[in-house]
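*Asks:* Chain by chain, the residues:
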Amino acid sequence: MKQNSSKNGSIVAGCDVGSLTSKAVIFDGKRILSQKIIRSKPRPEESARNVMGDALALAGLSPEQIEYCVGTGYGREKIPFVNETVSEIRCHARGAKWLLPTAETVIDIGGQDCKTMKINRDGEVERFMTNDKCASGTGRFLEVMARTLGIGIDELGSHTRLAKSPVTLAAACAVWAQADVVQYLNNGVSVEDIGAGINTAMASRVAILVNALKPEGDILMTGGVARNQGVVSTLEKLVGRKIKKTRKADPQLAGAIGAACIAFMKTQNKGAEK
Amino acid sequence: MNFFHKAASSLDVPEIIDWKKSGKKIVGYTCSYLPPELFYAAGVLPVRLRGVETDGLDIGDAYYGPFVCSYPKRILQLAGKGRYNFLDGAVITPGCDAMRRLDECWRKAGDDHPGILPGFFHFFDAPHKDEAHGFAWFVEEIRSLMEKIREYFGVEITEERLLEAIQLYNRGRRLLSDLEALRCNPAPPVSGADAFAAVLAGSVTPRDLYTRALEKWIAQLDSEKTDYRNRKRLMLVGSVNDDIELVRLMENDSGALVVAENLCFGVRAAGGLVAETGDPVEALARRYLGESICPRMFGKYSERLARLKETIQQHRVDGVVMQNIRFCDLHGAENALFERDLEKIGVPCLRIEREYGPLVETGRIKMRIGAFIERIQTR
Amino acid sequence: MRPEMREYNYDWMMGSTLKAASNLANGFPKEAALALNYIPYARGASKALMDEGDPGIQLFKLLSNYYENILLAHSRGKKLVATSFCFSPVIFFAMDIVPVCMEMMTGLGNILWKRGMSDYLDFAFEAGLPETSCSSQRGSMGAYLAGLGETIDFVLNNMAGACDTNANAFAFLSAYLNKPFYQMNSPNTIGDPRSEAYHLADYSAMIRFLEEQTGEKLDYDRLAEILAEVEIQDELITDVEEFHMLKPTPLTPLDNLILYVGRFMFSGRVEYTNVLKALYQKALPKARAGISGLRSGEEKLRVLMIYIDHYTFDFNFWKWFEENGVAHIGSQLSHHFRDTVPYAADLPGSVYSVDTSSPAAMLNTVAQMNARGPMVRSIRGPYDGPFMWLEETLTLARHFSADCAVFNGTPGCRNTWSNNKLMARDLEKAGIPTLILNDDAFDDRVENWDATRERMEEFFTIRGLL
Numbered sequence: 001m002k003q004n005s006s007k008n009g010s011i012v013a014g015c016d017v018g019s020l021t022s023k024a025v026i027f028d029g030k031r032i033l034s035q036k037i038i039r040s041k042p043r044p045e046e047s048a049r050n051v052m053g054d055a056l057a058l059a060g061l062s063p064e065q066i067e068y069c070v071g072t073g074y075g076r077e078k079i080p081f082v083n084e085t086v087s088e089i090r091c092h093a094r095g096a097k098w099l100l101p102t103a104e105t106v107i108d109i110g111g112q113d114c115k116t117m118k119i120n121r122d123g124e125v126e127r128f129m130t131n132d133k134c135a136s137g138t139g140r141f142l143e144v145m146a147r148t149l150g151i152g153i154d155e156l157g158s159h160t161r162l163a164k165s166p167v168t169l170a171a172a173c174a175v176w177a178q179a180d181v182v183q184y185l186n187n188g189v190s191v192e193d194i195g196a197g198i199n200t201a202m203a204s205r206v207a208i209l210v211n212a213l214k215p216e217g218d219i220l221m222t223g224g225v226a227r228n229q230g231v232v233s234t235l236e237k238l239v240g241r242k243i244k245k246t247r248k249a250d251p252q253l254a255g256a257i258g259a260a261c262i263a264f265m266k267t268q269n270k271g272a273e274k
Numbered sequence: 001m002n003f004f005h006k007a008a009s010s011l012d013v014p015e016i017i018d019w020k021k022s023g024k025k026i027v028g029y030t031c032s033y034l035p036p037e038l039f040y041a042a043g044v045l046p047v048r049l050r051g052v053e054t055d056g057l058d059i060g061d062a063y064y065g066p067f068v069c070s071y072p073k074r075i076l077q078l079a080g081k082g083r084y085n086f087l088d089g090a091v092i093t094p095g096c097d098a099m100r101r102l103d104e105c106w107r108k109a110g111d112d113h114p115g116i117l118p119g120f121f122h123f124f125d126a127p128h129k130d131e132a133h134g135f136a137w138f139v140e141e142i143r144s145l146m147e148k149i150r151e152y153f154g155v156e157i158t159e160e161r162l163l164e165a166i167q168l169y170n171r172g173r174r175l176l177s178d179l180e181a182l183r184c185n186p187a188p189p190v191s192g193a194d195a196f197a198a199v200l201a202g203s204v205t206p207r208d209l210y211t212r213a214l215e216k217w218i219a220q221l222d223s224e225k226t227d228y229r230n231r232k233r234l235m236l237v238g239s240v241n242d243d244i245e246l247v248r249l250m251e252n253d254s255g256a257l258v259v260a261e262n263l264c265f266g267v268r269a270a271g272g273l274v275a276e277t278g279d280p281v282e283a284l285a286r287r288y289l290g291e292s293i294c295p296r297m298f299g300k301y302s303e304r305l306a307r308l309k310e311t312i313q314q315h316r317v318d319g320v321v322m323q324n325i326r327f328c329d330l331h332g333a334e335n336a337l338f339e340r341d342l343e344k345i346g347v348p349c350l351r352i353e354r355e356y357g358p359l360v361e362t363g364r365i366k367m368r369i370g371a372f373i374e375r376i377q378t379r
Numbered sequence: 001m002r003p004e005m006r007e008y009n010y011d012w013m014m015g016s017t018l019k020a021a022s023n024l025a026n027g028f029p030k031e032a033a034l035a036l037n038y039i040p041y042a043r044g045a046s047k048a049l050m051d052e053g054d055p056g057i058q059l060f061k062l063l064s065n066y067y068e069n070i071l072l073a074h075s076r077g078k079k080l081v082a083t084s085f086c087f088s089p090v091i092f093f094a095m096d097i098v099p100v101c102m103e104m105m106t107g108l109g110n111i112l113w114k115r116g117m118s119d120y121l122d123f124a125f126e127a128g129l130p131e132t133s134c135s136s137q138r139g140s141m142g143a144y145l146a147g148l149g150e151t152i153d154f155v156l157n158n159m160a161g162a163c164d165t166n167a168n169a170f171a172f173l174s175a176y177l178n179k180p181f182y183q184m185n186s187p188n189t190i191g192d193p194r195s196e197a198y199h200l201a202d203y204s205a206m207i208r209f210l211e212e213q214t215g216e217k218l219d220y221d222r223l224a225e226i227l228a229e230v231e232i233q234d235e236l237i238t239d240v241e242e243f244h245m246l247k248p249t250p251l252t253p254l255d256n257l258i259l260y261v262g263r264f265m266f267s268g269r270v271e272y273t274n275v276l277k278a279l280y281q282k283a284l285p286k287a288r289a290g291i292s293g294l295r296s297g298e299e300k301l302r303v304l305m306i307y308i309d310h311y312t313f314d315f316n317f318w319k320w321f322e323e324n325g326v327a328h329i330g331s332q333l334s335h336h337f338r339d340t341v342p343y344a345a346d347l348p349g350s351v352y353s354v355d356t357s358s359p360a361a362m363l364n365t366v367a368q369m370n371a372r373g374p375m376v377r378s379i380r381g382p383y384d385g386p387f388m389w390l391e392e393t394l395t396l397a398r399h400f401s402a403d404c405a406v407f408n409g410t411p412g413c414r415n416t417w418s419n420n421k422l423m424a425r426d427l428e429k430a431g432i433p434t435l436i437l438n439d440d441a442f443d444d445r446v447e448n449w450d451a452t453r454e455r456m457e458e459f460f461t462i463r464g465l466l
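For the protein sequence lines, the chains are A, B and C, in the order given. This note's numbering numbers the first residue of the first sequence as 1 and each following residue consecutively. This note's numbering numbers the first residue of the second sequence as 1 and each following residue consecutively. This note's numbering numbers the first residue of the third sequence as 1 and each following residue consecutively.
Bound conformation, chain A alone (with noise of 0.2 Å):
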């Protein structure tokens, strides 16, 4: 994007490219000017073309207008028109700040991989976790035993409160827990018993990268998966703490806030230096 000052002020873009979805939001420094989550194509390029577009058009702005750009996500090296990239692990650390000023914990379950951090009062990462397994522990697993389940993956997130008596899965990996799962429905155990103890098997995955960080203050989710009720309340059960989420924005952009905050510092700090 060209580096352009605008009069009221400087617009910058984030983009996040991930496995699952793409993000972008456009931002001002104050406020988010525009949002887009699609689904991710097979080339990041086109993702990040696609996403961009859509969140330019809804903001009203051409690509012009965009000060300075931050690139985010395992796509992140492909998309064509950032003018700097930047980890995902610091992207969503600054974005979780945005999104609230008191978090100091950090959980993001992404698509393919769970992240947890420690950040500090700039929304610097100071430590961070990250699951090194296959998918169980990731939205993927979520995704691929809701599909089992023949359920939609929104509606899994109920299954917890709904349980009557949840089961047992094989957690440490998602294509034993999907045998499981199959066996348990031939066995004509709830969908809901199930679903449940796949929310737990979820939970407990996470909770041992959270514990492992020995979290302090506020802890805020983020990522896809905040919004599965039953893992995070088995989440707060296991980790013993409240975990708040927030209203500000859709969790999920979290990184593509946080490549905007990025972005927006730079274009300060070049004000700073002229």
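Simulated from the structure, these hints should not be mistaken for lab results. Just so we're clear, the structure is a prediction, and the values are computed from it rather than from any experiment. Keep in mind that the hints are not guaranteed to be accurate.
Quick list of the computed label-pair ranges, beta carbon to beta carbon [stated by the list, open to error]:
hint	chain 1	residue 1	chain 2	residue 2	range
1	C	458	B	58	21 to 31 Å
2	A	81	B	363	15 to 25 Å
3	C	40	B	346	18 to 28 Å
4	A	77	C	205	54 to 64 Å
5	C	205	B	107	52 to 62 Å
6	C	40	A	151	26 to 36 Å
7	A	182	B	316	47 to 57 Å
Quick reminder that beta carbons are idealized off the backbone N, C-alpha and C, glycines included.
Since chain A is already given, all that's left is putting chains B and C on it; use the hints.
*Replies:* Here is chains B and C on its own, set in the frame of chain A:
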């Protein structure tokens, strides 16, 4: 440098091929607890066994179970495919449970794939302790291996020849110490990948050629010709690694430089001199059993930590990357302790788990290392 | 770990549960039956052991005593040592040290609690012990790492070279808790003069470590007393092993467990002698009458467990044998390697003898006995080496008339998972149908018990065994 990189990244090492062509013998070995000087003294080329250049694991998985480290599986895979048929012998050492079982797995694979089992196949039973009885056992293991070499290869390892081999290996060790000293400089004259390749090459090439090449290479290193001054300085520790690409991944376009390591294929095994006086077998035992400690020695954690701290200070390390191969319990547990104790004194640490073999998880590992370097930069 | 778990001391929780359970049999049967209604969590396991009759009741008493010793150790001025089931506790009793056997405690927790040791397993992982490492120690170790057990004074292990994962877990425990540590290791062979001399030297050094930790010299008179009790026990075990060879075996599936839990916890102590006497007395009439120990009275199949059992909730694994009319003819843990057992002559390297004629002889006795515990004995060397896993399994299969073999273990077992395929292949070649199970004996989250049970049933059906 080409000499080192070629030797470090492929099984088809020109020097090994030349050695074989001249009709001389070659023996493969699996562990840094085996003194290769023994073979060198017998005129046999010792080559450290590796799992590079594998595609697929069908043979490895046919004998090993699913919950096992990919390193011995990949060695077995190469053996099964005949890539190690140039070996006249192999020595298996109980480095850990999975490595120890290469003994049976290779032998049984040899029944199914004729010709892949070398004629000389020896189990070198290195104990897991260096107290008096462990030391005595280790000395006996060395002497018994020397006897086996004499029987099979028809070569007597005299004290003189052994001492010569020790002196030659020591010459290389001194050069590696010089290299390490250069890496302590605020502006190191060498990248981590190049340094690692230079150390690694020593485990697969004829030692006289290697030592000469090392000497020549180190002499021309010059920090004026590099711009490594402002890089963030990383150290790499953990499970067995013989992949230069992993080091490159940490350095390339990342603003970081790998200035130190503590790895089985690295200076941990290569450093530390063998005494050139007294009984050479005992001298080897003292060095190989007592001085190159790895978590297989159980209960040596505080010594290991002290060494790491010393290296971190001398090499001005900004952050430590700790990797462990999936199912490597020994390094996995130790990395967690290191992280606890190093973070406590303000040294940033990153723990990652990976598979051994061609870097299949580049994206995932690069993302983590990238974020870690950002963490160090924004401190 | 869930925060509420931190509110309970693990040792007290187990100790009080077992204390109460051991009292169940003191009243009338009706009282016990009534009491079971009030202990929903421990009901299944308690009932299973009570149904075993006297051996089960004696085991409850033994377990209760074991925990009482741990809980009161420090107030009695004794030291607590963290140790493994592969290490014979006789030396601790001779030196007045109280052992805390990690694997036994993990197994017990799984059997007694519906959610098993999952919280402690996860805590150990949070603390840094890899989740791929063996669950047998990781469970109870999690409680001690979290500071939820009695304070361990020092750590001792003898598994290096036989099971490095086990050795590593204990090394981790000592480093994490900053406690003194002594590690023993096994050479690649057994029964040869060189390895025996090594074991003696290693054991002697270990005793020096214990003497340093306790500030007391080993009292050989006390050791002689303990070994005299071992002699009585070995004689009873030899008889019980002979019963077990009978077809049908007069022993119940659970008797196998009772046999080894007792030995790993109280070898050389009267608590274990009581268990053995009860086992012997219960089996004797059935042995004489040629009756199966199974409740159904009919023995349809004889299964040899070639590694360990499955410590899932409520003794469900052993119940499966009962319900299906299958005789459990022992595992690597339950079989005994004193030179008096009938199969000793076929495995001369694997057996030990007892000689109390002098302090030096006693020392060598305990050193060689210790080197013949489970795992250290037959998975130290290559599985096809002399006296190793294959030879031991084939010998036991022959003496105990095994119809088939089942491998059950943990995914954390690098050692056996590096050669169990080779074992299965060789056993099949020898005409023994062999099943390898993928579950985790100490963590139902890896594969739930119902799935494991189905795998077993599928195997027995397809192979025409049941």
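*Asks:* Hint by hint, note whether the structure agrees.
*Replies:* Hints, one by one, checked against the model:
1. C:458 <-> B:58: 21 to 31 Å: holds, 26 Å
2. A:81 <-> B:363: 15 to 25 Å: Given a distance of about 21 Å, which is inside 15 to 25 Å, the answer is holds.
3. C:40 <-> B:346: 18 to 28 Å: Since the Cβ atoms of residue 40 of chain C and residue 346 of chain B sit about 51 Å apart, the hinted range of 18 to 28 Å is violated.
4. A:77 <-> C:205: 54 to 64 Å: Taking Cβ atoms as reference, residue 77 of chain A and residue 205 of chain C lie about 56 Å apart, which means the hint holds.
5. C:205 <-> B:107: 52 to 62 Å: violated, 33 Å
6. C:40 <-> A:151: 26 to 36 Å: holds, 32 Å
7. A:182 <-> B:316: 47 to 57 Å: holds, 55 Å
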